[in-house]
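As you go down the protein sequences, you meet chains A and B in turn. Letter by letter, the first sequence follows residues 1 to 90 in full-length UniProt numbering. Letter by letter, the second sequence follows residues 1 to 90 in full-length UniProt numbering.
Don't read these hints as lab results, they were simulated from the structure. Nothing here was measured: the structure is a model prediction, and the numbers come from that model. Backbone N, C-alpha and C define an ideal beta-carbon position, used for all residues, glycine too. Check each hint, because a few of them may be wrong.
As the list claims (entries may be wrong) - So, partial list: chain A residues that the calculated Cβ filter (under 8 Å) puts toward chain B:
1. L34
2. K36
3. L53
What the hints assert, rightly or not - Chain A stretches covered by chain B per the calculated footprint, using a threshold of three residues with CB under 8 Å from any CB of chain B:
4. 12-24
5. 57-67
6. 71-79
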Amino acid sequence: MNPLTSESLTDKEKNELMQQIKQEVAVANAQEMLSKMTEKCFKKCVIKPGTSLDNTEQKCVAMCMDRYMDAFHLVSKTYSTRIQREHNRM
Amino acid sequence: MSTEDIMEGSKIAETELQEFFMAEKQKAQIQAQIHEFNDICWEKCIDKPGVKLDSRTETCLTNCVDRFIDVSLLITNRFAQILQKSVGNM
């Protein structure tokens with residue numbers, strides 16, 4: 001039997017499963033964000049890696065993170081507007 | 001409750017779960033797409049991360065997302081035409 005058929009699942013189990021999936025999607029999203037931000041801000045802020053992360057670099061990284069998230073929100077808004085528009089055209 | 005009622009109930013629960021999975025899957029795909037757009041447009045539009053996204057950068061980001069989607073649609077359509085032509089010639 002397919003283990004995912006809900007015949008064998010109680011309501012409680014079903015809710016737990018749904019919560020777990022929601023959480024996994026959220027965690028994957030956060031991990032992707034973290035990994036992209038690290039890559040992009042390292043590239044922007046650490047031009048010549050020295051013996052330590054100096055003050056200017058740390059400040060640059062902090063600012064870069066904030067701008068990366070700003071950009072993400074704007075891109076996300078633009079994309080959802082576009083999806084809406086394409087949807088209406090159909 | 002008859003056996004039939006129970007069967008009917010589990011069918012409804014199964015559809016509900018199925019719909020939930022599809023919605024979460026779509027959510028994850030859209031989030032992944034936003035990460036990709038942000039990656040591409042960050043490279044195009046951000047020179048040095050400043051204290052805020054200035055309006056020029058914001059315009060660049062929104063245009064970047066929309067033009068990327070335009071290119072993607074254009075290429076998809078044209079590629080489909082090329083494929084169709086080559087199938088027609090066989």
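A quick look at each hint next to the structure:
Restraint check, L34(A) versus chain B: the minimum CB separation of about 11 Å is more than 8 Å; hint violated. Satisfaction of the interface hint for K36(A) is found here, the shortest Cβ-Cβ separation to chain B being roughly 6 Å, below the 8 Å cut-off. Because the beta carbon of L53(A) sits about 16 Å from the nearest beta carbon in chain B, more than 8 Å, this interface hint is broken. Restraint check on the region 12-24 of chain A versus chain B: 5 residues with Cβ-Cβ distances below 8 Å, three needed, restraint holds.
Against chain B, the region 57-67 of chain A contributes 5 residues with a C-beta closer than 8 Å to a partner C-beta. That satisfies the three-residue criterion, and the hint holds. Judged by the Cβ-Cβ criterion of 8 Å, the region 71-79 of chain A is covered by chain B as claimed, because 7 of its residues qualify and three suffice.
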